[in-house]
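Q: Given the sequences, and given the hints that come with them, work out the whole structure.
In our numbering, the protein residues as written are -12 to 62.
Read the hints as simulated data drawn from the structure, not as lab findings. Hints are not guaranteed to be accurate.
Straight-line Cα separation of at most 20 Å, EDC-like style, residue types lysine to aspartate or glutamate; simulated pairs [claimed, not checked]:
{"no.": "1", "residue 1": "K(-9)", "residue 2": "E19"}
{"no.": "2", "residue 1": "K(-9)", "residue 2": "D35"}
{"no.": "3", "residue 1": "K(-9)", "residue 2": "D8"}
{"no.": "4", "residue 1": "K(-9)", "residue 2": "D3"}
{"no.": "5", "residue 1": "K(-9)", "residue 2": "E9"}
{"no.": "6", "residue 1": "K(-9)", "residue 2": "E48"}
{"no.": "7", "residue 1": "K(-9)", "residue 2": "E18"}
{"no.": "8", "residue 1": "K(-9)", "residue 2": "D21"}
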Amino acid sequence: MTSKFLDRLARSEPLDSWPPDELAAALAMVEELDVGRRQSDGKARVIDLRLAIYRRRLRHELGQRAARDEDIDEP
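A: This is how it looks when you write it as structure tokens:
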């Protein structure tokens, strides 16, 4: 599943077509990969930057959906 999510993220596939459970799973996967890659030398690597971009995109999409859901739920 990890390679599937990474492939879709690398192709900049529109996240609005992803089901919410896939968004949450992809975010958890990206965060797990990022934690596993933490380097103590402080140098940013291409993969670290790419993971940061993916994490930002996923969080943004999940936040947008949560805001939409709140708007729908309010009378």
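Q: Looking back at the hints listed earlier, which ones does the structure fail to meet?
A: The structure conflicts with no hint, since it agrees with every one listed earlier.
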